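Quick note on numbering: this note's numbering labels position 138 of the sequence shown as 139, and the sequence is numbered without any gaps.
If you're looking for bench data, these hints aren't it; they were derived computationally from the structure. All values derive from a computational prediction rather than experimental measurement. Heads up, a few of these hints could be off.
[Said to hold, decoys possible] Distance windows between CB atoms, simulated:
| # | residue 1 | residue 2 | range |
| --- | --- | --- | --- |
| 1 | P97 | R30 | 37 to 43 angstroms |
| 2 | P123 | E24 | 29 to 35 angstroms |
| 3 | S122 | E33 | 35 to 41 angstroms |
| 4 | E24 | D107 | 27 to 33 angstroms |
A virtual CB, placed ideally from N, CA and C, is assigned to each residue, including glycine.
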Amino acid sequence: EMRGTEEDLLRLRHVRRIATAMEVIDKLRSGEALDASSASFELSNFCKVWIANADEKYLPLEARPLQPSAPVCGSVELTDMIIDNLISNANRYRHPEDAPIILETDAEGGFGIVRVINPGSPIPDDRIPYIFALNYSDGPKRTKQNKGIGLFISRHYAELMNGTLDVLPSTS
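With the sequences and hints as input, model every part of the structure.
Rendered as structure tokens:
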């Protein structure tokens with residue numbers, strides 16, 4: 002049955018990402034340098050692919066008008082993993098009645114910017130400083146699949162490419 006195959010592929014992808022994340026954690030702990038083979042790519046085009054594939058991934062995702070940005074230089078694979086993790090986290094913490102997750106790109110000060118906006122319940126301000134810590138997970142949402150390593154690894158991937166990864170408090 003095709004559905005079983007799709008679920009198996011999604012599980013396999015999740016396991017691969019966890020294995021890659023664990024390798025990165027080991028390297029970071031040992032002080033070993035990480036490789037971020039660079040390529041030049043356009044963030045807005047990159048994110049358009051994510052929007053086009055959202056239905057296949059069963060994600061409630063929509064795009065705000067994507068602003069053209071200057072080409073950025075970095076690892077396409079690491080960028081994909083960062084965005085995948087941010088969208089997965091946003092989806093995990095949204096309620097079915099919430100509006101879809103919003104993905105937008107922008108450029109500011111010579112840097113490309115990707116924003117993943119979850120219009121659902123905001124992260125409490127007192128938790129924001131901790132969400133990038135290794136093994137941090139919001140109590141009731143912690144499951145076998147939520148180990149609290151995704152945002153930790155994603156931030157390191159961004160820094161490896163001379164970028165940043167931040168969470169901003171909700172303004173609404």
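Legend entry - Earlier hints that do not hold, by number: Violated: none.
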